[in-house]
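Student: What follows is the residue order along each chain.
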Amino acid sequence: MSQQQVDSLPTRIPGRKPLIGEFVFFLLALAWPFVAGTYGTGLITETLIFAIAAMSLDLLMGYSGLVSFGHAAFFGVGAYALALTGMRLGLDPWLGIVAAIAASAVTALVIGYFCVRVSGVAFIMLTLAFAQLLFSAAVKWRGFSGGSDGIGGFARPEIAGISLNDPLYMYFFCLLAFVLSLWLLRRIISSQFGHALIGLRENETRMKALGYSTDRLKLCAFVISGAFAGLSGALYAIYNSFVSPDALSFAQSGMFLLIVVLGGVGSLVGPAIGAVVFLLMKQFVSSHTEHWLLIVGIVFVCCVMFFRSGIYGFFKQWQDRRART
Amino acid sequence: MDLLVSQLLNGLVYGLLLFLLASGLSLIFGLMGVVNLAHGSFFMLGAFIGLSVVSVTGSFWWALILAPIPVAIIAAIIEIGLLRHLYKRDKVDMVLLTFGLSFVFTDLVEWGWGRDTFSLSEPPALEDSLEFLGGFFPQYRLALVVFGLAVALVLWLVIEKTRIGAMVRAGIDDTRTAMGIGLNVPLLLTTTFASGAALAAMAGVVAGPILGVYSGVDVEVLIPAFIVIVIGGMGSLKGAFVGSLLIGIADTFGKAYMPEASMFLIYATMIVVLLARPNGLFGQAAS
Amino acid sequence: MSKTKIITPSRRAVLQGTAAAAALSFDASLARVFAQTSGPIKIGVLNTFTKSVGLFGETTWRGIETYLEEHGNKIAGRPVQLIKEDDEFNPQVGLQKLRKLVESDKVHVVLGPLGSHIATAMIGYMKQSGTPWIVTGAGSTALTKERMPNMYRATLSNWQVANPMGTWEARNGIKDVVVVASDFLAGHDVAEAFAEAYEKGGGKIAKQVFPPVGTNDFSAYITDLRSINPGAVYGFFAGSEAGRFVKQFQQFGLKGKVKLTGFQSMLDSDTFPLQGSSAVGGLSSSIYCETLDTPENKNLIERYSKKSKELPGIFTESGYTVMRIIDDAVKAVGGNIENAAEFCNAIGKTNIVAPRGPVRFDPDTHQAIQNVYIREVHEEGGKFVNRVIDVVKDVGDYPGNKA
Numbered sequence: 001m002s003q004q005q006v007d008s009l010p011t012r013i014p015g016r017k018p019l020i021g022e023f024v025f026f027l028l029a030l031a032w033p034f035v036a037g038t039y040g041t042g043l044i045t046e047t048l049i050f051a052i053a054a055m056s057l058d059l060l061m062g063y064s065g066l067v068s069f070g071h072a073a074f075f076g077v078g079a080y081a082l083a084l085t086g087m088r089l090g091l092d093p094w095l096g097i098v099a100a101i102a103a104s105a106v107t108a109l110v111i112g113y114f115c116v117r118v119s120g121v122a123f124i125m126l127t128l129a130f131a132q133l134l135f136s137a138a139v140k141w142r143g144f145s146g147g148s149d150g151i152g153g154f155a156r157p158e159i160a161g162i163s164l165n166d167p168l169y170m171y172f173f174c175l176l177a178f179v180l181s182l183w184l185l186r187r188i189i190s191s192q193f194g195h196a197l198i199g200l201r202e203n204e205t206r207m208k209a210l211g212y213s214t215d216r217l218k219l220c221a222f223v224i225s226g227a228f229a230g231l232s233g234a235l236y237a238i239y240n241s242f243v244s245p246d247a248l249s250f251a252q253s254g255m256f257l258l259i260v261v262l263g264g265v266g267s268l269v270g271p272a273i274g275a276v277v278f279l280l281m282k283q284f285v286s287s288h289t290e291h292w293l294l295i296v297g298i299v300f301v302c303c304v305m306f307f308r309s310g311i312y313g314f315f316k317q318w319q320d321r322r323a324r325t
Numbered sequence: 001m002d003l004l005v006s007q008l009l010n011g012l013v014y015g016l017l018l019f020l021l022a023s024g025l026s027l028i029f030g031l032m033g034v035v036n037l038a039h040g041s042f043f044m045l046g047a048f049i050g051l052s053v054v055s056v057t058g059s060f061w062w063a064l065i066l067a068p069i070p071v072a073i074i075a076a077i078i079e080i081g082l083l084r085h086l087y088k089r090d091k092v093d094m095v096l097l098t099f100g101l102s103f104v105f106t107d108l109v110e111w112g113w114g115r116d117t118f119s120l121s122e123p124p125a126l127e128d129s130l131e132f133l134g135g136f137f138p139q140y141r142l143a144l145v146v147f148g149l150a151v152a153l154v155l156w157l158v159i160e161k162t163r164i165g166a167m168v169r170a171g172i173d174d175t176r177t178a179m180g181i182g183l184n185v186p187l188l189l190t191t192t193f194a195s196g197a198a199l200a201a202m203a204g205v206v207a208g209p210i211l212g213v214y215s216g217v218d219v220e221v222l223i224p225a226f227i228v229i230v231i232g233g234m235g236s237l238k239g240a241f242v243g244s245l246l247i248g249i250a251d252t253f254g255k256a257y258m259p260e261a262s263m264f265l266i267y268a269t270m271i272v273v274l275l276a277r278p279n280g281l282f283g284q285a286a287s
Numbered sequence: 001m002s003k004t005k006i007i008t009p010s011r012r013a014v015l016q017g018t019a020a021a022a023a024l025s026f027d028a029s030l031a032r033v034f035a036q037t038s039g040p041i042k043i044g045v046l047n048t049f050t051k052s053v054g055l056f057g058e059t060t061w062r063g064i065e066t067y068l069e070e071h072g073n074k075i076a077g078r079p080v081q082l083i084k085e086d087d088e089f090n091p092q093v094g095l096q097k098l099r100k101l102v103e104s105d106k107v108h109v110v111l112g113p114l115g116s117h118i119a120t121a122m123i124g125y126m127k128q129s130g131t132p133w134i135v136t137g138a139g140s141t142a143l144t145k146e147r148m149p150n151m152y153r154a155t156l157s158n159w160q161v162a163n164p165m166g167t168w169e170a171r172n173g174i175k176d177v178v179v180v181a182s183d184f185l186a187g188h189d190v191a192e193a194f195a196e197a198y199e200k201g202g203g204k205i206a207k208q209v210f211p212p213v214g215t216n217d218f219s220a221y222i223t224d225l226r227s228i229n230p231g232a233v234y235g236f237f238a239g240s241e242a243g244r245f246v247k248q249f250q251q252f253g254l255k256g257k258v259k260l261t262g263f264q265s266m267l268d269s270d271t272f273p274l275q276g277s278s279a280v281g282g283l284s285s286s287i288y289c290e291t292l293d294t295p296e297n298k299n300l301i302e303r304y305s306k307k308s309k310e311l312p313g314i315f316t317e318s319g320y321t322v323m324r325i326i327d328d329a330v331k332a333v334g335g336n337i338e339n340a341a342e343f344c345n346a347i348g349k350t351n352i353v354a355p356r357g358p359v360r361f362d363p364d365t366h367q368a369i370q371n372v373y374i375r376e377v378h379e380e381g382g383k384f385v386n387r388v389i390d391v392v393k394d395v396g397d398y399p400g401n402k403a
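Protein sequence lines correspond, in order, to chains A, B and C.
Take the first sequence: its position 317, counting from 1, is numbered 317 in the numbering used here, and each next residue is one higher.
Take the second sequence: its position 173, counting from 1, is numbered 173 in the numbering used here, and each next residue is one higher.
Take the third sequence: its position 69, counting from 1, is numbered 69 in the numbering used here, and each next residue is one higher.
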């Protein structure tokens, strides 16, 4: 990334204004299911699930500077892991979620091992190729993955005696997962490891000169990112009671990328906002016009051209400008 | 007809189709460092515009000649209006831009023509099947092979033997020096991008009778095209040619005889090449 | 290759649990009897309107419209509101749209889908929700094994249509067959049903091939077919894939050398515009034939001619007849479609003569019981039509589902 772009990335300063905004958001999130109907609750549940995946991609893109076009690989592996362990091994869903996180983390370890060895365009192509590899395996290996039909027919599980079939409980379960993920990721970012990652993003050569094993750093970022994406995938499988190769597709990777850039690369909260905006836009726009893809495309192009730091970055700059005057 | 010969011919057909697409992609990358994720969209636009030209003029040939023109113009506008401003930025931004544009094009195509799967018919002159070597082979596909080889030859001549080609090669090899010796690089870049788009559009028309014309075709051809240029080498015409034929033949044989594993093997090959020779078999790093 | 999946203990528990939950929620829906019997009847049409099979969704829709136009857009005196949603032949999208139809639009009945894989993905949700569901199009044999009280299949079961064809081909001198089917649930389902019947009749399956969904260039497969040179090819493709396969079949010189046979969607009124003369001579089995000489069919043809210059195909007839079934059932409950349980019971009592012939439902599995016609494609005065060459009457559900 160029110096100019790096400078424009928002950095986290804890204890400042954002806290009020977050508190408001949290209250809204708590109140939502009682205000919206079943359908609206389901929508935001899905949004929260994608937000976790988007934040995990941001760890790679925004904080480590690794632009992955194959993030669906980790998401999809998590989803399939949950479905398969539940259906074939009869695992309890709690264990299923743990299995999903582990499976995605291992996938990220393997893929990351190879990807950190290349950079630039080759890196983009490699992440894409690995995701497509998994996608084609899922499509063709009917006996294992159910092929293009996917795996379905499992009911939402019970967790701690509460059935997730109830949209309300499912919503709060995902909200909890989201808040936990956000908190954990923030802690990771503000840790020494996180600072090393940011240093890596800003100037890899300098980090190497300082004695850091940049490959090892990147690999760690991959694994952590993969783990959270796996959690998201598992929740998605539970939410839909269904998994198909779509979860591993290029379109899925593209969607995550879109959400992160839209929301604001390198801000963690930004991608979460991006997920909300994206999914609400899809709902709202597609009920009025058929051309929501066009609008998303145009908004995205504008983001890349003019608002490189996304929605979050835009508001932060606006806020900073107001604070200065 | 001997089974091997038939399948080889089939592979050649698909491979040359891929070449028409991948050649533009490769040149664009080589000269501009742009991974053009909208390249499939140019292919798709060409096919749809071709469809309309046929419905107005009734002639496939007019479609082939005319369809690339508006696509080239659109590409030029994109380059001048949007892409140009991103050269100073990280290469990733250009990839993201083209990615966003692909959504726009998909929607515009659906808006203009609808979301069905359309059929582009072969020209009446090439509707029959030729009987030779004891078997039947559609005339149109044979013509495609001839056409594809001819385009490959012309491209090679232009790149290797003409001044423009020398400029493009210079630009690919060393952009800074090229500018230093007075080449109008901005014009060159616009021309290359537009030409690549025109090639893709032409490929769209040519592929119409075989692959069909529908709004998802852009992604379906883009990914194989990327596999081709990764394996063949980004920025190399020879690489695009060799890579296309390899993938075309591998895909054809794989579909018929190793359906479970063929796709997986192709992606695995792509990965191995990326790791062992990131610049592909014939390519060089973009400057 | 066994069709039944291995049922692990937890899966059995899950299935039992959902069955119990479904029973509970269905009783709960008995409570959904509000007094509102004068508002519009909301019918959710979940089908595929885009992609290669989009044309089948469109023709189903037109069939629905044909019926409504014939009856002044009213059912049992109440106006009808159709809500159209496209599942893009993708189960993920289908589930999203389904949720919208049931939770946001609050439809009284869901019609569709087309894709068997989508129908399978919908099972869990529909069991949970208890909303009446009439399947149109999706033929997965195992669907009716679920025995959902709120689901009826008003169209074919894959076994129902593929099995008689297998028997027929074995009996009619076709020595060996290569099966080519689209690589998804329905394709495998059909292939298995055909192969089982054909082999039982003494035939030999030379090879089974499954091109991926979305294949448009079949040259590699057809060339391979040519080298095997079987007595017949039995194909299952849908939409534009069916169009392309049959066309390319002729282009590579196989027409006339290898008999072209297939499932109903391969050689149908809807695909003839794409296939032209390459379809002539092709054989298929189906629950409908557009040239049936009955008053019901003549009526349909006449009404449909106002919408399209093509004769109605199987999907048009499906849309038309499912509306007839709903109409009769709503009348039977005095217009009170809100009473889901009664409405579903009324559907079960259907016993009509539709354009396709007699239709009634299996009392246990809710599969439509109907005739299966063996049809041949003829060219008549520049147009292409199917003509019935044999009939198997009153074909029911797969016996394994009844066990």
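Calculated directly from the structure, the hints in this document are not laboratory data.
It is possible that part of the hints are untrue.
Stated by the list, open to error - These stretches of chain A come out as covered by chain C in the derived footprint (C-beta under 8 Å, 3 or more residues):
1. 184–197
2. 235–242
Unchecked claim - Cut-off 20 Å, straight-line C-alpha distance, at most; resulting in silico cross-link-like pairs (SDA-like, lysine to any residue):
3. B/238 / B/126
4. C/307 / C/333
5. C/175 / C/229
6. C/145 / A/288
7. C/349 / C/333
8. C/106 / A/166
9. B/88 / A/120
10. C/106 / A/283
11. C/204 / C/167
12. C/349 / C/334
13. C/255 / B/126
14. C/42 / C/99
15. C/207 / B/259
16. C/298 / C/358
17. C/259 / C/378
18. A/282 / B/259
19. B/88 / A/202
20. C/84 / A/287
21. C/106 / A/120
22. C/106 / A/34
Unchecked claim - Chain C residues, not near chain B, derived (Cβ > 12 Å throughout):
23. 174
24. 273
25. 346
In this text, a Cβ means the ideal position worked out from N, Cα and C, and glycines have one as well.
Student: So if I understand the rule, the pair passes when the alpha-carbon distance is 20 Å or less; does residue 106 of chain C with residue 166 of chain A pass?
Tutor: 18 Å, holds
Student: Decide if the proposed pair is consistent with the structure: residue 259 of chain C and residue 378 of chain C, CA atoms, cutoff 20 Å inclusive.
Tutor: Holds. Residue 259 of chain C to residue 378 of chain C sits at ~14 Å (cutoff 20 Å).
Student: Classify the label on residue 273 of chain C as holds or violated, using whether its beta-carbon is more than 12 Å from each beta-carbon of chain B.
Tutor: 9 Å, violated
Student: With a cut-off of 8 Å between beta carbons, are at least three residues of the segment 235–242 of chain A near chain C?
Tutor: holds (count 3)
Student: Is residue 207 of chain C within 20 Å of residue 259 of chain B, Cα to Cα?
Tutor: 13 Å, holds
Student: Compare the distance between the alpha carbons of residue 238 of chain B and residue 126 of chain B with 20 Å, and conclude whether the hinted pair is satisfied.
Tutor: 29 Å, violated
Student: Holds or violated: residue 145 of chain C with residue 288 of chain A, Cα cutoff 20 Å?
Tutor: 39 Å, violated
Student: Hint check: residue 307 of chain C vs residue 333 of chain C, CA-CA at most 20 Å. Holds or violated?
Tutor: 31 Å, violated
Student: Sort out whether residue 287 of chain A lies within 20 Å of residue 84 of chain C, counting only the CA atoms.
Tutor: Within the cut-off at roughly 12 Å; holds.
Student: Please check whether the segment 184–197 of chain A has three or more residues whose CB lies within less than 8 Å of a CB on chain C.
Tutor: violated (count 0)
Student: Can you confirm whether the C-alpha distance between residue 204 of chain C and residue 167 of chain C stays at or below 20 Å?
Tutor: 12 Å, holds
Student: For residue 42 of chain C and residue 99 of chain C, compute the direct alpha-carbon distance and say whether it is at most 20 Å.
Tutor: 15 Å, holds
Hints 1, 3, 4, 6, 18, 21, 24, counting from the list given before, are not met by this structure.
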